[in-house]
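Residue numbers (the working numbering), protein chains in the order written: chain D, 515 to 902; chain V, 1068 to 1471.
Treat the hints as calculated values from the structure; they're not laboratory data. One or more of the hints may lead you astray.
Unchecked claim - Straight line, CA to CA, 25 Å or less: simulated PhoX-like cross-link-like pairs of lysine-lysine:
1) K725(D) x K1120(V)
2) K725(D) x K1112(V)
3) K1355(V) x K523(D)
4) K732(D) x K516(D)
5) K1112(V) x K1344(V)
6) K732(D) x K1119(V)
7) K1344(V) x K523(D)
8) K899(D) x K876(D)
9) K1344(V) x K725(D)
Since this is a predicted model, take the numbers as computed values, not measurements.
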Amino acid sequence: MKTVAADPKGVDSGPHFMDGDHALAEGALAAGCRFFAGYPITPSTEAAERFAERAPEVGALFIQMEDELASIAALIGAAWAGQKCMTVTCGPGFSLMVENLGLACMTETPMVIANVQRGGPSTGLPTLTAQQDMMQAKYGPHGDNMIIALCPDSPQECFDLTVEAFNLSEFYRVPVIILTDETVGHMHEKVVIPPADQINVVPRNNYSGPKEDCRPYKFDGKGGHPMVRAGDGYNFHVTGLTHNERGYPVMTAEQNNKVVTHLMEKINGNADEIIRLDEDQVDGADVVVVSYGITSRIAVKAIQDARKEGIKVGSLRLITIWPFCEKRIREISARVKAIVVPEINYGQMVLEVERNAGGRCKVISVNHCGGAVHDPQVILDAIRKASQ
Amino acid sequence: MSTDIITFKAGSPMASTLRMDRMPHIWCPGCGIGSEVNSFAEAVKRSGIDPKKLVVVSGIGCTGRVAGYVNFDSMHTTHGRAIPVATGIKLANPELTVVVFSGEGDLAGIGGNHLIHAARRNMDLVVICNNNFTYGMTGGQVTPTTPGSAMASTTPYGNYEYPFSLPFLMDAAGATYIARWTSMHSRNVTQSIEEALLRKGFSFIEIISPCPTLYLRRNRLGDGVDQLQNYQDNSILKHGCDTRETAIDFQGKIVIGKFVEKNKPTYLEASDKCAVKLVGDDYQLYGKTIPEREAEEKAEKEKIAARRAAMAEEEAQEEAASHKVSVSAPAVKEVLAKAAKKAAAKAKPVRKAVAKAKTRPVKKTVAKAQPKKAASKAPAKKVVVKAAKKAAPKKTSKLNKTRK
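The following block holds chain D by itself, in its conformation from the complex (with noise of 0.2 Å):
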């Protein structure tokens, strides 16, 4: 991935103290995001309230559209239109961004959604916090998508994660979804923004060629193809049907073949280039605690009073949730004696975990239905029968 330097217009360098959802604005300036469509929804609206807050000095558009069909649409076009683009919202607006999320993987659209995630299902607990989305995030769509999610664990992290997943969506040309939840979103904590110059981000890459060369599209299963841009005189067409190279529908077997294998390689095929884990002591562990998000930061407190007792328990922590690090879980399945999963609702990233295990050791999972942050001691006791 090229980069080059931030934009200072939209750095606010320095030490701040806020919560994760301004967090999340702030990297989105900073990664260069000049285009803001939402929908106000609990407990996401303090990102969109920033943005709004922030557009005019920095020169970017805020628009509050009618719902969120409309905020994720809007996000497709600006795209195409050269911008790059950001929304953020929660589980109920989620399910209805879900349709156009659908179409932005089919036309391989650059865009970020921001999900803060609150207890469900339906409008379930508004202020209250969760990690039940992590499925439909990949799984939303209808059709096979590949979308890339990452998932913060702290306000930092907010910051952080959003430029790279803006990084990210310009150079495989997908949604990046943010996994967060209510409770890293409405944390405040220190957030350390950096100087632009150090901050690194992948411009938007618009095709200059020769307009007979012009292709929307190349069915690869690789990043790095440039975007094209509307007024550049391309005359490009953009479609959700299946489609060729040259955007035109396409409506056969072999070629839903083609776009599909392609729109799902591209990021599993790249999947060790996207994967970032944080690790502690995971080598020579006799039990290992997945984790992401909120949930992680609980688990640590578990994980140090298990090593007080004497037990050898590492710690993975998923940053990026899709792709899933199936290969690493493979390695570490082959050597422990269990592997403890703790997360904020019924047992989802559990199932992967599960698959990836194959049977080669216990898989725990520490289930919580959202609402509140899990008890530190429920993740001990888990952990302490794990080793047993």
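With the hints as your guide, set chain V onto chain D.
Just chain V now, with coordinates in the frame of chain D:
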């Protein structure tokens, strides 16, 4: 078949504005969308706008396929979401002219919320709505505009819902330009689209159009040409008409014309004004200050004016050549003025004819000739000749009437 297409491609005067590599299109014989697209292409040409800066966005459905046939930057989006996608394009690059071309099921049904909110914001978009009272692509279901007791596949015993009158809806929502025509009024459609392309703000153009395959057949209303005849008989031209009076009953009167044209700040103008209050005169959007953007807009307007002047001169020269008049500048002006008068004079009798004439016998001749033309290709010439002969009494019958 293939030779026909090649001839069509080579000979089409619209070759530069349509994607000829996508022909033949998917629309049925007698459908109104084709002629609307033709009017649109003509309007783009006549408007003088830079086609590179034009983006066409469609939703889903028969009309949703328009984006795939126009030779501009074009997006075929999801069902009902053409307007928010267009909103994103326009706001992300205000230099672009953005047109939404879609059907009434797409725009007023599934996308109804986006339609009213774009109108409320006075978003700078041109929305062209093909209203054929039916969901064509899915097989003829009832739509939010299906009038009266019309049959649809999902109202097999007759429609019992109250339909939208789209001009009224758009007026209430705040649209600043509202016109309605039928697909028979090609020139008016062209003119309205041309006006809309050159103005700022939310423009809504509704085009009542026949769906012979589903709506007309199911309601035993004949074919496309019969319906055009209905439009001719039942259209009432009322510019500036109160939009409360624009409801359409089953095969009833259709009020047509330009109902609303007013100016108010667009979304972007309003948001600029607010931002300037906050940031001051050095406020920039996407790195450009307001005076810079205004200067660019002015330059673009001048270019458009120059293109229009060049086109007018070219037209006048053609007119002059056809009259074998020696072409000098004053002569061109004179011919131009004459042509304008002629056009104005032409427009009037049409209106009268719409209100008055009952031309049933003409209808039959045209209606019979049309399907033959489509069905059998080899003796096409003969049929055309026959049709011309049969059509001949049309003039005499009209003359007779006026004599009386």
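Item to complete: For the pair supplied as a hint, K1112(V) and K1344(V), confirm whether the alpha-carbon distance does not exceed 25 Å.
Response: Status violated; Cα separation ~39 Å.
Discussion item. Can you confirm whether the C-alpha distance between K732(D) and K516(D) stays at or below 25 Å?
Written reply: Answer holds: K732(D) to K516(D) is near 19 Å, not above 25 Å.
Worksheet item: Has the given pair, K1344(V) with K725(D), been kept, meaning a C-alpha gap of at most 25 Å?
Response: violated, 42 Å
Discussion item. Next pair to validate is K1344(V) with K523(D); report whether the Cα-Cα distance is within 25 Å.
Written reply: The hint holds at about 19 Å.
Fill in: K899(D) paired with K876(D) [C-alpha distance capped at 25 Å]
It holds: about 11 Å lies between the C-alpha atoms, which stays within 25 Å.
Worksheet entry | Given hint K523(D) paired with K1355(V) - CA-CA distance at most 25 Å | holds, 13 Å
Worksheet item: Is the Cα-Cα distance between K725(D) and K1112(V) 25 Å or less?
Response: holds, 21 Å
Fill in: Restraint status (C-alpha distance of K725(D) to K1120(V) at most 25 Å)
Cα-Cα ~15 Å, so holds.
Worksheet item: Does the structure keep K732(D) and K1119(V) at a Cα separation of 25 Å or less?
Response: holds, 23 Å
In the structure shown, a violation is registered for the earlier hints numbered 5 and 9, in ascending order.
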